[in-house]
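Same order as they appear, the protein sequences are chains A and B.
Residue numbers for the first sequence follow the numbering used here, so the first one is 960 and each next one is one higher.
Residue numbers for the second sequence follow the numbering used here, so the first one is 127 and each next one is one higher.
The hints are simulated quantities; they were obtained by calculation from the structure and are not laboratory data.
Treat the hints with care, as some may be off.
Which residues of chain B face chain A? A partial, calculated answer using Cβ under 7 angstroms [what the hints assert, rightly or not]:
(1) 253
(2) 359
(3) 568
In the DSBU-like style, the derived pairs of lysine-lysine whose C-alpha atoms are separated by at most 35 angstroms in a straight line are [unchecked claim]:
(4) 495/B x 1120/A
(5) 553/B x 1120/A
(6) 587/B x 1120/A
(7) 972/A x 1165/A
(8) 341/B x 1120/A
(9) 495/B x 229/B
(10) 1120/A x 586/B
(11) 391/B x 1120/A
(12) 1020/A x 495/B
(13) 341/B x 1020/A
(14) 540/B x 280/B
(15) 1020/A x 587/B
(16) 1120/A x 280/B
(17) 586/B x 491/B
(18) 183/B x 391/B
(19) 491/B x 349/B
(20) 1249/A x 1062/A
(21) 495/B x 280/B
The structure displayed is predicted, hence computed values, not measured ones.
Idealized CB from N, CA, C, for every residue including glycine.
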Amino acid sequence: MPILRKKLSLEEKDNRIGRRFLYPAIIVLLCIIAFPVLYSFILSFFRWRPTEPGHRFVAMKNYYDVYRDERFLISIFNTFIYAFIGAFGKIILGMGLALLLNKKFPGRAIARTLLMLPWIIPVTASLTAWNWMLDGMYGVINIILSRMGLITTYINFLGEKGIALACVLMVGIWMGYPQMMMMILAGLQSIPGELYEAAEVEGAGKIRSFFYITIPSLSGVLKTSIILSIIWTFNAFNVIWLLTRGGSSTHIMNTLAYEFSFINMRYDKGAAMSVTILFFLAIFLFIHTKMQREDSLQ
Amino acid sequence: MLTVLNEWYTVYTIFTIFWRYLMKGSVRKNVAIAMMVLFSLSAVYAGGNTEKSVADKPVDVWMINSPVETIISAFDAAGENFTAETGIEVNYVRVPTNDFHTKLVSSISAGVYPDMIIWNSSPGVEFSQTGAVLPVDEIVNEIGRGQFGEGSLKMFTVDGDLLEIPFMVRPAGFHARKDWLEAAGYNTEPKIDSDGYYYYEGLQTWEELLEAAKKINDPSNGKYAMGFAYSRKAFGDSASFCMSILYSYGASLLDENGNVAIDSKEAIEGLEMIRKIWESGTVPSAATTWDGGSNNNFFIGGDIGMVFNSNSIMGKLNDTTAVKPEDLLMIPFPSGPAGSFMSANPESITIFNKGNVEGAKAFTKYLLKEETQVSMFEIMGFGYYSPLKKDVMENELFSNLNQNERVLMQDARKAINVSFPYDPNAKLNALYSSFLFDDALSRIAVDGWNSERVAAEMAKKVTEVIND
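Excised from the complex, chain A in its bound form:
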C-alpha cells in the first residue's frame, strides 16, 4: 500500500524550513543554558567536590546545610537590599536624566554621550577606577571631602561594614542607570506632544502634567524597567567581587555561591545556593511575564 503524504501548504512548508534553521540555535541554547541549569540542579543533591573522587547522593543535605549557614542568610538580605534599592536608584536617576535629555538645550548631544559613559566603559576599567577613588588611603573622594572640611580622618569606604554595602550599591546604580535612562527616554519620546498642549490649555501646571500624563504614559515602560532592573541587579556579580570580594559583609547570593563553588571547592553547596537564586529569579520572571501578558491584553 503506498504511503500517503499529507500535502503541505506553502505557509506550512515555510514554517517547517524556518523551524529547521532554528534547530542549531536551540541546540546551542540547550547546551549552554538548559544543560548547566539541570546539571546544577542534579548536582545540588549529591556530594560533589573536585578534590574528591566520585559523587554520593545526599538528598536535601546541601540545602539543609546552606540554609543553616549564617553567611547565606546575610547574603539573602544583602541581595534583596542590593536588588531593590539598586533597581529603584537606577530608575529614579534614569528617570530624572531622561526628563532632562527630553528637553531641548544647547549641548544635549554631548550631555547624552557623557551620561552614557558608565554603560560604555568596560566594567573592569570602571571598577578599577572606583576602587582607587574609594581607596581609604589615597582615594580622591577622601581627598575632596577632606579639603572641603567635611571629614577630618579618611573614611575606609570599602572596608567598613555598612558603608561598604552602600558604596557597592552606589557604584552599581552608577553603572546601571544609563540603560534605564535610555529605556525611559524612548518612552518619553513616544508620548504625543498634543497631550501636554491640551493640558496646558486646560491650565495644568508642569507637576500635574508629569503625574497625570508622563507617569501614566510611561507605566508600561516603568513596570518592565523595574522588573528587568531587579532581575539584572539580582544577578550582579562584578561590582561586589571586584570591589570587596564579599568582604565587609557585602556578600550577595551570587558572590557567595561563587566563593563556595570555586574558592572553597564545594560545588554541591554552591549548586544548592544557585538553585535557590534561580527560584527567586523565577518569581520575578513570572511577574514580568504576567505583566507583559496583561499589557498585551489591554
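Here the structure of chain A is known, so what remains is to put chain B in place on it, guided by the hints.
Frame of chain A, contents of chain B only:
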C-alpha cells in the same frame, strides 16, 4: 572508573528527559542528525590526537604570571633549550596569581588538565584524593632524595606517595626601610648568631618589630610603618601574614590527635598580637581593602616602612623608584614564643597522569638539572627565587650574596605549610584557600571582634571542613 560512569549516567538522565518528554518527533530527527555530525567531528579530532608521539605534542605548563620580566625570560630560555635538546615543545600558560586556583579547580573538574604545573600552593596534595596527580617518587629517587631536604619532601607526601617535587622557593621576606630604621636609631649592621645566621638587634621578635614600627610611624605625613593586608582581596598575602604569626606563637590547625586546635591558648595569643598591630595605628586603615599588589606598590612608592611579601620588591627597586635599592633592608623573619615560621610553600612541580605525561616527566628532569637552574638564576638573578636543591645551593653562583640576599636565603628554612607540624592534609590545604586566615584578620580589623571570638569562629570553620 566509577566517577566516569556516574558522570555519564547524569548526562544520560538529562538527555533522556529531553528526548522523551520535551522533544517532538521531527525535532528528535534533526537533533539526532546534528549530534551524529558533532560526534563524527569529535571522533575524527580525537583520533588524530592519539596518534601523535611524545615529541609531537607540546608540554602544557601552567605557572604564575610573574611580574618580573627576567623570571619570564629565564623560564622561556629553559623551555627553548629543552625543545632544542629533545624536540618537545614547551607551552607555558601564565595565569594571574588571583585566578590560578579557580582556573585550576575548574579545569580539573572539567577533566582538562595541564600536563604539569609549577606553583607554590601544593596542588598535588590538594587534589591527592582525585587520582589525577602522578606520584613522582621515581623522578626524585633518580635525582637522589638527598638533593632535597626531607622536610620539603614530607610536605608533599600523602599516604606514602610523593605528589610534588620541590623546585625552587620564592622566599617571602620581611622588607623594611633601612633609612627610616636608621633615623629611628636602629643599627642596620647585621650580627651573626651561633648558627651563622644574620640578625639585627631590636628587630627579632614580633613584639620588638611592633615597637620599632611605632617609632617610625608618621601617619600625619601619610607614612605608615607596617603594610600588612587585613583583607580577603589580598589572597595569599593576608593569609600568610596571619598564619605566620599564629604558628610563631605555637598555634596549629590540629593537634597531634587530629583534633581541632586553632582555638588554643597559643592561637589566641597570636591573634592578640595581630590585634595589637592593628590597634597600634601603624597599619593604614585602608589595608582592610588592599589587594595582592597594594602592599608592594605602597612600599615601592615610599609610603610604607615594612612589608612581608614574596620577594617581588627587590627586583623592582631601581634609581627611578621612590625607594632606592640601598634603602631596602631585609630583616630575618620575626619570631614568636614558639619560633620563627613563615607560611611559604616551596614552588613545586606537579605532574598530572593524563595528557603528555612522558613529556612532562622529561621537562621536569630537565628543570631540576643543576646546569639548567644555574643558567636560570644567571638570567633572573637571585632574590625572587631561591634555590632548594643541594647541588644548586652549593654552586659558586651563590657564594657571593649580599647582606639582603643572605637574609632571604637563610629565611627559606623557616617555610612551613598549613598542616605544620603534622602530615599534609588535603582538607587543611583547601582551608588555606578558603579565606580562613584572611577572614580572621577582617574580623579583628573590620568587625572589632576579640581574639577569643575570632579563634572560636576559626575553630568552627576548621571543624566543619574536617567533619564534612
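Going down the list of hints, with the structure as the test:
{"no.": "1", "hint": "253", "result": "holds (6 angstroms)"}
{"no.": "2", "hint": "359", "result": "holds (5 angstroms)"}
{"no.": "3", "hint": "568", "result": "holds (6 angstroms)"}
{"no.": "4", "hint": "495/B x 1120/A", "result": "violated (52 angstroms)"}
{"no.": "5", "hint": "553/B x 1120/A", "result": "holds (30 angstroms)"}
{"no.": "6", "hint": "587/B x 1120/A", "result": "holds (22 angstroms)"}
{"no.": "7", "hint": "972/A x 1165/A", "result": "violated (56 angstroms)"}
{"no.": "8", "hint": "341/B x 1120/A", "result": "holds (30 angstroms)"}
{"no.": "9", "hint": "495/B x 229/B", "result": "holds (29 angstroms)"}
{"no.": "10", "hint": "1120/A x 586/B", "result": "holds (22 angstroms)"}
{"no.": "11", "hint": "391/B x 1120/A", "result": "holds (29 angstroms)"}
{"no.": "12", "hint": "1020/A x 495/B", "result": "violated (50 angstroms)"}
{"no.": "13", "hint": "341/B x 1020/A", "result": "violated (54 angstroms)"}
{"no.": "14", "hint": "540/B x 280/B", "result": "holds (15 angstroms)"}
{"no.": "15", "hint": "1020/A x 587/B", "result": "holds (18 angstroms)"}
{"no.": "16", "hint": "1120/A x 280/B", "result": "violated (42 angstroms)"}
{"no.": "17", "hint": "586/B x 491/B", "result": "violated (43 angstroms)"}
{"no.": "18", "hint": "183/B x 391/B", "result": "violated (55 angstroms)"}
{"no.": "19", "hint": "491/B x 349/B", "result": "violated (47 angstroms)"}
{"no.": "20", "hint": "1249/A x 1062/A", "result": "holds (34 angstroms)"}
{"no.": "21", "hint": "495/B x 280/B", "result": "holds (21 angstroms)"}
Of the numbered hints given earlier, the model fails hints 4, 7, 12, 13, 16, 17, 18, 19; all others are met.
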